Amino acid sequence: MPPYRPARIAGSEITPESSYFGRRDLLRLGAAGAVALATPGLALAATDLAAKPGGYGTDEQLTPEADVTGINNFYEFGTGKSDPAEKSGDFKPTPWTVKVDGMVAKPKTFDLDQLTALGLEERVYRMRCVEAWSMVIPWIGFPLAALLDRVEPLGSAKYVAFETVVRPEEMPGQRGLFQPLPWPYVEGLRLDEARHPLTLLAMGLYGKTLPNQNGAPIRLVTPWKYGFKGIKSIVRISLTETEPPSTWNKLAPSEYGFYANVNPEVDHPRWSQATENRIGGGGFFGSNDRPTLMFNGYGEEVASLYAGMDLKANF
Amino acid sequence: MALPALPRRYHAASIWLVYALGLAPAAWSFYLGATGQLGGNAVESFEHLLGEWALRFLILTLAISPIRDLFRINWLRYRRALGLLAFWYVLMHFSTYVALDKRFALGVIAEDIVRRWFITIGMGALVALIPLALTSNAWSIRKLGPTWTRLHRLIYPIAALGALHACLSVKVIGPDLMVYAALIALLIGWRLVRPRYMERKRAMRLARG
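Chains as they are written, first to last, in full-length UniProt numbering: chain A, 1 to 315; chain V, 1 to 209.
In isolation and in its complexed conformation, chain V is listed as follows (with noise of 0.2 Å):
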């Protein structure tokens, strides 16, 4: 399977394209909400729907290399766009549960930080992003070397501990939160495998000679 290449000349404007389209929901529900059309608990809703697209990116950033290995289409020039999409979803998540929900109250915030265990989590997993999003950049990539490669597989216990902090949420995982769990388990999952089949993959293709 293969899709016709997209013309190089397009590339930075799809990679904008793709920043445009990912802040289009938080944009739009945002609206919504300050205009009074996000049914009678605003906050929650935009608080939840932030923190829904926070996993949908994460799952598209940990999909890039396996849809490049299994179906040979190479879509890694929009990986750091979904990654940072991703950053920035979790973010505004949090802003949202700063101000809008809690208003500031930081002594309750602090505490919900510390005695709530799904607080906790999706805490850690944005304090995690943080060096991340930092480091998206040629610039850092250069610098680094391979400690960057190390660095960065921290997205995948990232990817983990949203999903836990999504599941412990809520009273009863619902059908998307699950999908979403299976998801990013399976991407990690894969990476597990990875090696075994690129080998088998490489053993095939020198066979055929």
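Next comes chain A alone, as it looks inside the complex (with noise of 0.2 Å):
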């Protein structure tokens, strides 16, 4: 017989001290809770969420929580930077699945669980936004080469196709008279790009899953590149032969180009990109104004991806 070994317990399965001691306060709260859970239009609370340290980081000052949840472009839920926060209450992000298909030897549909299992990390980033302002993030999640590995792209796929999820019932921007956007909202990176180490599929950011209004479940991060590219509740990823659709492309194809990497140099049409707000803080004083970076700083890592394209041309 061989001798007993208790499983191993997981670090995130631990209960904190702090619950641990305020288990009774958790019994009264429960009845609230059930109060809370019946009433729609207030967000469940994230919870945590493990990660080892990844090889990424900045010694910049990261962007308060409370900013990095509170000032989001997510057209779904409503054009104003604070409708996400106020207006996502309704959406559930689980259960959840991402179908992964087009150009592979193995089409598959994962759940979040099989998504968790490909070995979340924490990386913190710089986010520039193409409006001009900027924040420090730090995310949790995998990179996207993991996933790609898992359904074996075939020799012929060029680039990599996202989708987000349609649902005008979870979603008040995505229904009524006023339409910003065609859904879903979809998004392309070229297969090298999506390959790229920096290229990051994120489940989290602040040690917790990610808040609805930040692109829960699950979402793209690619910091060379403006904030649109970051397509959020991904519920499928094709592979494919020609160039996908970007939804801000098709809208106004002479503001928004399918690369859309971050460039001091070439200027939003109305505006400059020459200059970044980073945000951070209340108060008058408390964002500020910092020069852009080419590839927004990460020039280093990707700028051989683009060796000999012309990228006022290819913006």
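Be a bit skeptical, because a hint or two may be false.
[Said to hold, decoys possible] Far from chain V, some chain A residues (derived; all Cβ distances over 10 Å):
#1 T79
#2 P95
#3 P138
#4 V151
#5 W183
#6 E241
#7 A260
#8 P264
#9 D289
#10 G308
[To be verified] In silico SDA-like cross-links for lysine to any residue, where the CA-CA straight-line distance does not exceed 20 Å:
#11 A:K250 / A:R190
#12 A:K81 / V:L151
#13 V:K171 / A:R190
No lab work stands behind these hints, which were simulated from the structure alone.
If you're wondering where the values come from, they're calculated on a predicted model, not measured in any experiment.
Backbone N, C-alpha and C define an ideal beta-carbon position, used for all residues, glycine too.
Take each chain as given, in its own frame, and dock them per the hints.
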């Protein structure tokens, strides 16, 4: 008979001391919780998400969590910056599946556990919005390459297409008279961009699962590109031979390119991209202007992807 | 439709009330911004709020005479206050851009005004508002006579430019902005059909004897 070995307990399963000592409060809260669950429009709190430290960091100051989760562009919930935080309470990010198909040897539909199992790590990235503001965000996620390896892209696959969920009943921006964008929101990357080690599928930030307003339960993060490339609440990833459509590019091709690499030398036709407003804290002097860096400061890692390309023409 | 008339002795006080209420949003959000309660992008939020109120006051200014024509409610006595509030909000909007947003980087500001269409347009509207604000007093009306009326027709292109400036500054025109732009178009459009409408109204009144 083999010796008895107790099952290994993951760090994430250990009840934090504060919760242990607060267990009676938790019982009391139970009643309130039942009310909260029965009340639509009340966002469920994000849960802790364990991750190992990733290789990427920055010594820049993190953008406060309240701003990362309070100032968002997620038009499925409305066009205002605070709409996503205020109007995403009805959205249900679980259960969830991501269908990966197209030019792959092994198409597969992943559930959240299978995605989490690809190995979560924490990475601190700069995020530069095309509207000339920026943040520094501690993401939790796994490299997109890890997912692509599982489905084995065919030799003919050249691009990766992404698609956001369409749920008008849970996403107020997708219903009603005023529809700012065609749904679903779609994005795309060249396969080599998609396989780049910096390209992350994020499932959390600030140590917790993604809040609805940040693209729960899974979103793309490409830190050297403008933020709109970071498609949220992904339901489908397809490998294609031709360049897939990208929502903003289709809407205004003269203003938003397919590549959308951060480039201080190529202005938006209506505003400058030379500087950015780093969001941080409240007050009139909380945020500050700084020069925008080529490839958002990730040139050393990604510039080779675009060797020989005219970045003014392919913006 | 007719409202009970406000007794004459309250007219002056009610106009001062319009000024006070009109400036309250700017004062309140300045307080919020200065004390760190206006979110993580306080300067932009404040700037947008001032611009939005400027549009609202422009709309109210333009709405006074159609309200009189269509509903026989005479709020003409508030029009100067509303127009001046629009001017002050535009001025505060611009000052916030210069002082808090660009921190007096005059080179950058000059370049913005020349190169960015939506800023050029907004600047044009602000400049055009100055003579209107300066002549918004009884003395100027007496002094200028019919010229005053012609001069103050500038408010129509100003309102149109203001709406255009707002629409060009955003990635996508949201529902609020769409409503403002539509109202401004409607209020300007009303001026085109107004002579015919008033003539018919007069004819009908005459026919009824």
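Hints and how they fare:
{"no.": "1", "hint": "T79", "result": "violated, 4 Å"}
{"no.": "2", "hint": "P95", "result": "holds, 31 Å"}
{"no.": "3", "hint": "P138", "result": "holds, 16 Å"}
{"no.": "4", "hint": "V151", "result": "holds, 34 Å"}
{"no.": "5", "hint": "W183", "result": "holds, 14 Å"}
{"no.": "6", "hint": "E241", "result": "holds, 31 Å"}
{"no.": "7", "hint": "A260", "result": "holds, 13 Å"}
{"no.": "8", "hint": "P264", "result": "holds, 14 Å"}
{"no.": "9", "hint": "D289", "result": "violated, 7 Å"}
{"no.": "10", "hint": "G308", "result": "holds, 30 Å"}
{"no.": "11", "hint": "A:K250 / A:R190", "result": "holds, 17 Å"}
{"no.": "12", "hint": "A:K81 / V:L151", "result": "violated, 39 Å"}
{"no.": "13", "hint": "V:K171 / A:R190", "result": "violated, 25 Å"}
Checked against the numbered hints above, the structure violates hints 1, 9, 12, 13; every other hint is satisfied.
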